[in-house]
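Can you make the complete structure from the sequences, with help from the hints?
So in UniProt numbering, spot 11 of the sequence shown is number 11, and the numbers just go up one at a time.
Hints are not guaranteed to be accurate.
Said to hold, decoys possible - In silico lysine-lysine, BS3-like type, Cα no more than 25 Å apart, as pairs:
| # | residue 1 | residue 2 |
| --- | --- | --- |
| 1 | K2 | K97 |
| 2 | K2 | K111 |
| 3 | K2 | K172 |
| 4 | K141 | K164 |
| 5 | K107 | K31 |
| 6 | K141 | K42 |
| 7 | K97 | K31 |
| 8 | K164 | K180 |
| 9 | K164 | K53 |
| 10 | K148 | K2 |
| 11 | K2 | K31 |
| 12 | K164 | K6 |
| 13 | K186 | K102 |
| 14 | K180 | K6 |
| 15 | K186 | K97 |
| 16 | K107 | K164 |
| 17 | K186 | K111 |
| 18 | K102 | K164 |
| 19 | K107 | K180 |
| 20 | K172 | K102 |
| 21 | K31 | K42 |
| 22 | K31 | K164 |
| 23 | K6 | K97 |
| 24 | K31 | K6 |
| 25 | K141 | K6 |
| 26 | K97 | K111 |
| 27 | K31 | K53 |
| 28 | K53 | K42 |
| 29 | K38 | K107 |
| 30 | K180 | K31 |
Source of the hints: derived by calculation from the structure; they are not laboratory data.
Keep in mind the model is a prediction, meaning the values are calculated, not measured.
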Amino acid sequence: MKIHVKGTPQPGFLAANHTSYLDPIVVEAIKAGGAVSKAEVKGYFLFGPIATKIGMLWVRRENRNSRTGVIQQLNQWDAVNDPLWIFPEGTTSSYGKLNQFKMGVFKAAEKTGHMIQPLVFCYDNPQVDWGNTGKEKDLFKSILDFYKDNIRTNVYCFWMEPMKVDPGQAQKVADELHRKMLIYIKRFERPRDE
Numbered sequence: 001m002k003i004h005v006k007g008t009p010q011p012g013f014l015a016a017n018h019t020s021y022l023d024p025i026v027v028e029a030i031k032a033g034g035a036v037s038k039a040e041v042k043g044y045f046l047f048g049p050i051a052t053k054i055g056m057l058w059v060r061r062e063n064r065n066s067r068t069g070v071i072q073q074l075n076q077w078d079a080v081n082d083p084l085w086i087f088p089e090g091t092t093s094s095y096g097k098l099n100q101f102k103m104g105v106f107k108a109a110e111k112t113g114h115m116i117q118p119l120v121f122c123y124d125n126p127q128v129d130w131g132n133t134g135k136e137k138d139l140f141k142s143i144l145d146f147y148k149d150n151i152r153t154n155v156y157c158f159w160m161e162p163m164k165v166d167p168g169q170a171q172k173v174a175d176e177l178h179r180k181m182l183i184y185i186k187r188f189e190r191p192r193d194e
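Pasting the structure below:
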């Protein structure tokens, strides 16, 4: 995997699209920080303990109290001095697509006044979308298969302009960011031979 980066991040909540199990590796390689993740990852071999060490906020997505608790933590988070990665989709999207955003990071940015620093990344190999290849399994086995099968990909990463969320504008900013990210994905996320 070769990572190409354009632009420089500014302080704020770090928000990126989510296509593959490789995404957490890519974002941490670009800019280290904590993250928000589904609680199941905590039990993944090797990755769970590492994620806990780097400052993961765990959320049980099916549990309203857990979601509320993470939102409360985000509302108090110092995103300027303590970087935090969030995948606003809340799960992976299919290759070349972008799921609708959850509002957590946008509401937190609205409440705290912190900017949202978007990153959009695009792969040039659809085999990174394990949900569509029939090879979806747990994170560790998927990463092993990625290396065992000698899958090659470039990842094109674009730091976008930071976004401010004014009071009452969370949904508007979420929709605007979704539209802008989708432009990059449609343009750059395509197989190498196209």
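Provide an ascending list of the numbers of those earlier hints which the structure does not satisfy. 2, 3, 4, 9, 17, 25, 26
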